[in-house]
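Asks: Mind docking chains A and E on chain Y? Use the hints.
Chains as they are written, first to last, in numbering that gives the first Met the number 0: chain Y, 0 to 327; chain A, 0 to 300; chain E, 0 to 431.
It is worth saying that the hints were derived from the structure and are not from the lab.
Remember, it's a predicted structure, so these values are computed and weren't measured experimentally.
Hints are supplied without guarantee of correctness; some may be wrong.
[Said to hold, decoys possible] DSS-like, lysine-lysine: derived pairs with alpha carbons at most 25 Å apart:
(1) LYS209(Y) x LYS229(Y)
(2) LYS307(E) x LYS372(E)
(3) LYS143(E) x LYS307(E)
(4) LYS317(Y) x LYS209(Y)
(5) LYS25(A) x LYS229(Y)
(6) LYS317(Y) x LYS229(Y)
(7) LYS317(Y) x LYS124(A)
(8) LYS209(Y) x LYS25(A)
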Amino acid sequence: MTTGSAHAPTQTRTTAEPGTRPAGNRRTGGQPKRKRSRDTLAGYAFLSPWLLGLLALTLGPMLYSLYLAFTDYNLFTAPEWSGLANFERMAGDTVFWSSVQITLIYVLVGTPIKLAAALGVAMLLNFKSRGTGFFRSAFYAPSLIGASVSIAIVWRAMFSADGPVDSGLSLFGINLGGWVGVPALIMPMMILLAVWQFGAPMVIFLAGLKQVPTELYEAASVDGARAWRKFISVTLPMLSPVIFFNLLLEMIGAFQIFASAYIIGSGTGGPAGATNFYTVYLYTRAFTNNQMGYASAMAWVLLIAVGILAFILFRTSKSWVHYGGDSK
Amino acid sequence: MTTIETNPTAVPPVQPTRKRRQPRRKTAATVAWIIGIVLLTAVVLYPLLWMISASLKPSAEFGSNQSFLPENPTFDNFVKVMEGVAGIPTWRFFWNSTILGIGAVIGTVISSSMAAYAFARLDFKGRPLFFTMMIGTLLLPFHVLIIPQYIVFRNLGMVDTFLPLLVGKFLATEAFFVFLMVQFIRNLPKELDEAARIDGCGHWRIFWSITIPLIKPALITSSIFAFIWSWNDFLGPLLYLNSPENYPLPLALRVFNDQTSGSDYGATVAISVLALLPVMLFFIIFQRFLVAGVATQGLKG
Amino acid sequence: MFNKLSRRAGSGVAVTVAAALMLTACGGNGGGEAGGTPDPNEEVTLNFTWWGNEDRAERYNEAIALFEEENPNIDVNGTFMDFPAYWEKRQTEAAGGGLPDVMQFDYSYLRQYGQNGLLLDLTEYEGNGLTTDSIDETLLATGKLEDQTLAVPTGYNAWSLFENPAVIEQAGAEGYEGGTSWEDYDAYMASVTEASGGEVYGGTDYTGRIQNFELQLRQEGRELFTEEGEINFTQEELAEFWSSAQDVRDNATIPARQLEEVAPKSGFGANLTASEMTWSNFMGGYLADTGAEDLTILAPPTDDPSVKDLYQKPSMLHAVGAQTEHPEAAVAFVEFLINSPEVGEIFGATLGVPASETALEGAALEGPELEVKEYLDSVADRIGDPPAAPVVGYGALENTFLTLGTSIGLGAITPEDAAQQFFDEVAVTLGS
Numbered sequence: 000m001t002t003g004s005a006h007a008p009t010q011t012r013t014t015a016e017p018g019t020r021p022a023g024n025r026r027t028g029g030q031p032k033r034k035r036s037r038d039t040l041a042g043y044a045f046l047s048p049w050l051l052g053l054l055a056l057t058l059g060p061m062l063y064s065l066y067l068a069f070t071d072y073n074l075f076t077a078p079e080w081s082g083l084a085n086f087e088r089m090a091g092d093t094v095f096w097s098s099v100q101i102t103l104i105y106v107l108v109g110t111p112i113k114l115a116a117a118l119g120v121a122m123l124l125n126f127k128s129r130g131t132g133f134f135r136s137a138f139y140a141p142s143l144i145g146a147s148v149s150i151a152i153v154w155r156a157m158f159s160a161d162g163p164v165d166s167g168l169s170l171f172g173i174n175l176g177g178w179v180g181v182p183a184l185i186m187p188m189m190i191l192l193a194v195w196q197f198g199a200p201m202v203i204f205l206a207g208l209k210q211v212p213t214e215l216y217e218a219a220s221v222d223g224a225r226a227w228r229k230f231i232s233v234t235l236p237m238l239s240p241v242i243f244f245n246l247l248l249e250m251i252g253a254f255q256i257f258a259s260a261y262i263i264g265s266g267t268g269g270p271a272g273a274t275n276f277y278t279v280y281l282y283t284r285a286f287t288n289n290q291m292g293y294a295s296a297m298a299w300v301l302l303i304a305v306g307i308l309a310f311i312l313f314r315t316s317k318s319w320v321h322y323g324g325d326s327k
Numbered sequence: 000m001t002t003i004e005t006n007p008t009a010v011p012p013v014q015p016t017r018k019r020r021q022p023r024r025k026t027a028a029t030v031a032w033i034i035g036i037v038l039l040t041a042v043v044l045y046p047l048l049w050m051i052s053a054s055l056k057p058s059a060e061f062g063s064n065q066s067f068l069p070e071n072p073t074f075d076n077f078v079k080v081m082e083g084v085a086g087i088p089t090w091r092f093f094w095n096s097t098i099l100g101i102g103a104v105i106g107t108v109i110s111s112s113m114a115a116y117a118f119a120r121l122d123f124k125g126r127p128l129f130f131t132m133m134i135g136t137l138l139l140p141f142h143v144l145i146i147p148q149y150i151v152f153r154n155l156g157m158v159d160t161f162l163p164l165l166v167g168k169f170l171a172t173e174a175f176f177v178f179l180m181v182q183f184i185r186n187l188p189k190e191l192d193e194a195a196r197i198d199g200c201g202h203w204r205i206f207w208s209i210t211i212p213l214i215k216p217a218l219i220t221s222s223i224f225a226f227i228w229s230w231n232d233f234l235g236p237l238l239y240l241n242s243p244e245n246y247p248l249p250l251a252l253r254v255f256n257d258q259t260s261g262s263d264y265g266a267t268v269a270i271s272v273l274a275l276l277p278v279m280l281f282f283i284i285f286q287r288f289l290v291a292g293v294a295t296q297g298l299k300g
Numbered sequence: 000m001f002n003k004l005s006r007r008a009g010s011g012v013a014v015t016v017a018a019a020l021m022l023t024a025c026g027g028n029g030g031g032e033a034g035g036t037p038d039p040n041e042e043v044t045l046n047f048t049w050w051g052n053e054d055r056a057e058r059y060n061e062a063i064a065l066f067e068e069e070n071p072n073i074d075v076n077g078t079f080m081d082f083p084a085y086w087e088k089r090q091t092e093a094a095g096g097g098l099p100d101v102m103q104f105d106y107s108y109l110r111q112y113g114q115n116g117l118l119l120d121l122t123e124y125e126g127n128g129l130t131t132d133s134i135d136e137t138l139l140a141t142g143k144l145e146d147q148t149l150a151v152p153t154g155y156n157a158w159s160l161f162e163n164p165a166v167i168e169q170a171g172a173e174g175y176e177g178g179t180s181w182e183d184y185d186a187y188m189a190s191v192t193e194a195s196g197g198e199v200y201g202g203t204d205y206t207g208r209i210q211n212f213e214l215q216l217r218q219e220g221r222e223l224f225t226e227e228g229e230i231n232f233t234q235e236e237l238a239e240f241w242s243s244a245q246d247v248r249d250n251a252t253i254p255a256r257q258l259e260e261v262a263p264k265s266g267f268g269a270n271l272t273a274s275e276m277t278w279s280n281f282m283g284g285y286l287a288d289t290g291a292e293d294l295t296i297l298a299p300p301t302d303d304p305s306v307k308d309l310y311q312k313p314s315m316l317h318a319v320g321a322q323t324e325h326p327e328a329a330v331a332f333v334e335f336l337i338n339s340p341e342v343g344e345i346f347g348a349t350l351g352v353p354a355s356e357t358a359l360e361g362a363a364l365e366g367p368e369l370e371v372k373e374y375l376d377s378v379a380d381r382i383g384d385p386p387a388a389p390v391v392g393y394g395a396l397e398n399t400f401l402t403l404g405t406s407i408g409l410g411a412i413t414p415e416d417a418a419q420q421f422f423d424e425v426a427v428t429l430g431s
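In isolation and in its complexed conformation, chain Y is listed as follows (with noise of 0.2 Å):
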């Protein structure tokens, strides 16, 4: 039995041709180099519709988002040249770093919780393979609802003084009054209706175990592993393509949270600055401000932050993701 499948290469320089040893090893041979070709024939025609989409659709705006980022662009009269001028304004702005420091809370804090929750519950449901049909679509129900007006009316209901939350808490001897009007909890507010909506990636844990084959537990119970030996030994790494698709993409979400604090603190921000993350900031800048290029200077910033979390991710995923269709 070999130890793992430590060599799991990353997305960004896999090598991992079928027949192939991991990453590192040299192809040899002619036939590898026929096949090779016809690999890049394939490829292109497998991915031509992604390609025309980059090209026509992404691409472009992107480039001309950098570019605005570099002038001064109210919207309505063509972008004036305006060189750094965008970002040396950022990095004085209080509001700004007021939004990155709730932003970055939001994201460190709400993430781990909501997938926690997420796997937890999706373990509990695959726990039993029948008669979970109505619980699976009872936890997913939440995160059907869109953002709209009638969720901010909801949430409000729910945190308001004598609402729900706060005769559950007062249970427990804790008096906090109403939430909603409070800017300190705010916070744990928009974290809670965060995690209340786990349904995303819930179902994609769910679509992951599926995959699970059940021999795997089987010769696992037969080895005598108990259930928190099988979760770890043979959930978690079966499942480290999909955690780690979720963990990325959660993390990328969460730093783009817009709708429910739009919705929550009504499209201002408030109450108190409380629900001014980055990207309502950004839309404020951009939409009621009009000062396209800074929120496009903004947008970028963002990019570039998240794109080096994400490059250390993708980096550290070498270490504890196992692809099936990798390891021998």
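Replies: Chains A and E alone, transformed into the frame defined by chain Y:
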């Protein structure tokens, strides 16, 4: 992660001496499981039930009555909502949303799975660069892309049609789905591909007959998300649709809630509840397919 | 090789797109020539857009049908949205070069769109397809910018004070008389709050809204902004204004924390306060929010009733996009919306009390709408000239003011710091 092989092909030999768990412990576990999951469900569903109950409140009760039950329950909100808006029947908005949702599912599943197969299984020049670019498209807040994309679609003469909302779906612009499928495909054992290749199958055959069936859970998941996200999308329709006959639900329901001319909160919540039903139904139907693929079970080297 | 090629091709496309974007970004003054009546034989489709609720949509629908009946060659394609989304879409279209032919317009955006040449100058159509002498001159002037008529007001309103008799009764307090001193009004709010034992409140902290600050400035004979669009008060004055209400906040008005809980309704709309100051056209919305049968509309407080502190604000206007291909038809439609007695009858005072005499006659106001009209007539002595058209970015500043006012109420910021933040924002908004 040391002793257990992550490759399903290497199943250790069965050791018949080990005993299975006691049935009694199993029952206890099941009871605990049921209690836990029911409690959790109650907590998660409460806000939704509150919302449904609130849809029976007259508009004037909002703000003054925050409790679960309406003081003067009424179906007027639903009656009003079903009357339609400005001569356009309400079913029309549902219909538009449905068309857009189905289009999004078809486009996303086809284009994203193809791109994912290329990224996960094929070796070609430029792949690392393209992959990085794909992840890169996830990182830019979309607000700064609104105007340039609008200009592109306007120059293509597509404004006030469903095309701007669907074209992107057929061109896999939603990197989320591509990356999701990449992760699932990479987790599949390569031996199957190899076997098929030896049998003389081309990439198209392998993709269609081996990969697609094996990543069914990922395809179902993507279908669910693609439908729901399209169903709830507000910004796209706002920018690209002009004629109210083309409005999907999220656009139409705004008309009950305009701060400058008076909002009908009862109607707003009522139409949100109604809008929830079709997606709920869609989820309930599709999640049934979210079971382990038969093929996965039969995977043995 | 392919890689290189595709990258080059890719950047080529990107550059082309970017160039196209830059060209279209400079929306110019296009539009047709001369005025006159539309050609009755030309088949024309007009895109028309408004913000508002479903009630307004029904009314516009009726009006459009009537217009199409009278002008069989013109087809009006009406679109509606709520206020914030409406402007997000307009700004995207303005940047992308595709504004609709006819737009319901808001006063606070007039300068921004007008000075960038996005609105058609209607001057040449006045008396030549567009009747404007039916509208009071001062009110009509609100749609003008540097001698160009860029929009025509549908109706008007004025700042006012609403009172809910049911809440007064519930509290067991006396009603407010209207138009007395600020001190008097503060005392009234405290009396209601006290009489009810804190169950309901006398009013909302009025220093949260920039209009009340404007009102107090106008009572001193000043404006928020100079004619040149510069700020016309000091940071200290603003801090003082916010501080002045500390006592009222502590003892009389509804706590900001409670207001947050009932949002998106206001305290008044949720039947928690007896009074609130806002624009007079909120009558309809407040009746729906409170569910009350009757609301009273009164004059806002003033320390000197002889000062002309109030003004008629266009509740909304109609404007024509500069790039319309059918200016005559668009003007004909605006004429119809503004002046036709039938349209007056369809809308009543829901777009403000009709600006045009002919529309007002057709409207035959009654009930609460008549009360609003009577209120506006009753304060005629206090109505002065309107301030210059709002500066570009006024809407954003108004929001900032409101948000900071709320933060002060929540105790999250001091009036001094809030004033500092407001002036920072002013510098950014007016500076760019």
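Asks: A separate judgement is required for each hint: does it hold in the structure or not?
Replies: Results for each hint:
1. LYS209(Y) x LYS229(Y): holds, 15 Å
2. LYS307(E) x LYS372(E): Measuring from Cα to Cα gives roughly 18 Å; hence the hint holds.
3. LYS143(E) x LYS307(E): holds, 22 Å
4. LYS317(Y) x LYS209(Y): Between LYS317(Y) and LYS209(Y) the Cα gap is close to 23 Å, so the pair holds against 25 Å.
5. LYS25(A) x LYS229(Y): The hint holds at about 16 Å.
6. LYS317(Y) x LYS229(Y): holds, 22 Å
7. LYS317(Y) x LYS124(A): Measuring from Cα to Cα gives roughly 22 Å; hence the hint holds.
8. LYS209(Y) x LYS25(A): holds, 22 Å
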